[in-house]
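S.K.: Go ahead and model the full structure; you've got the sequences and the hints to work with.
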Amino acid sequence: MRPQLIILGSAFFFGLMGLLTKLATATIPGGQAMLFRSIFVSCAILVPWIMRIIPIQFVNLQLLGVRALFGGAAATFYFLSLQHIPLGAAIVLNHTAPIFATLYEGLFFQERFKKSTVIALAVSFIGVLMIFYGDFGTLSIGYLYGLLCGVLGGGAITSIRELRKTDSTSAIVLAFSLASILFSLPPAISKLGISHPLHWTAQEWLLLASLSASGLAAQWLFTYAGKFLRASEAGTLGITTVVIATMLGILFLHESFTISFVAGAVLILGSALFLSKLFPISGSPRIEPQ
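Those letters in the sequence shown? Residues 295 to 584, per the working numbering, in order.
Each hint can be trusted.
Ranges of calculated distance between the beta carbons of each label pair, as one might list FRET restraints:
(1) G303 with C337: 21 to 31 Å
(2) S489 with P342: 23 to 33 Å
(3) G303 with V417: 26 to 36 Å
Just so you know, these hints were derived from the structure itself, not from any lab. All C-beta atoms, glycine included, are put in the ideal place defined by N, C-alpha and C.
M.R.: So, in structure tokens, the structure goes:
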């Protein structure tokens, strides 16, 4: 199957996971939902590995650790943001990650910034302010969580620059999921007084299982396809997640968006597309999934 189609499939599952998470966090704290998802995904990979059904080899341990820490923290903040703000806003702020990745690459890989890069970065941050604009009077902490997701997600993307050349899809996703357990555990435990797994309904368990399965499919497909595509291609196709998630939010959550939000989203996504094409990450050797 063409990697472009795999990325689009990943975008669909990321959007679906966002919708299911938004529904689940109406009654279950975001930290607990993230912890359940992390354990689900970890077990889905660990069990076949322990049973020797699939081989997994960890090659670049240092970079795997960096990707896992940044990615795990980013994912936890994403789930926490979904508990407080609309799905569309959370997913757009999540997609500031490529913008921060460009900033980090300039700082840590000594890549020189052109004037157009500086302008694109400035435009993207104006977009973030426009998304915040309508709620400055009663600003929800969810917007801060969403922005932190982008900041930390940028670090995860930067680490993948080299990591995807050496390690298998299963190894990368497993490391990410195990780190996510560590980051989601504190907020999950802190909410046991108001939400306990023993008191969850069958519908809540089904929502958690569904969002976890969707997240596993999305993460695995995106990581796998990333081995065959340049970052600019993957980033461009991956932004369809925003469209899918926004449409799902409108159809099933009856979300509505202000003009300032739409304008801000256009500035952020446009800047992300521009930067991903300006700083493409070179292709890497094909690595079969393990």
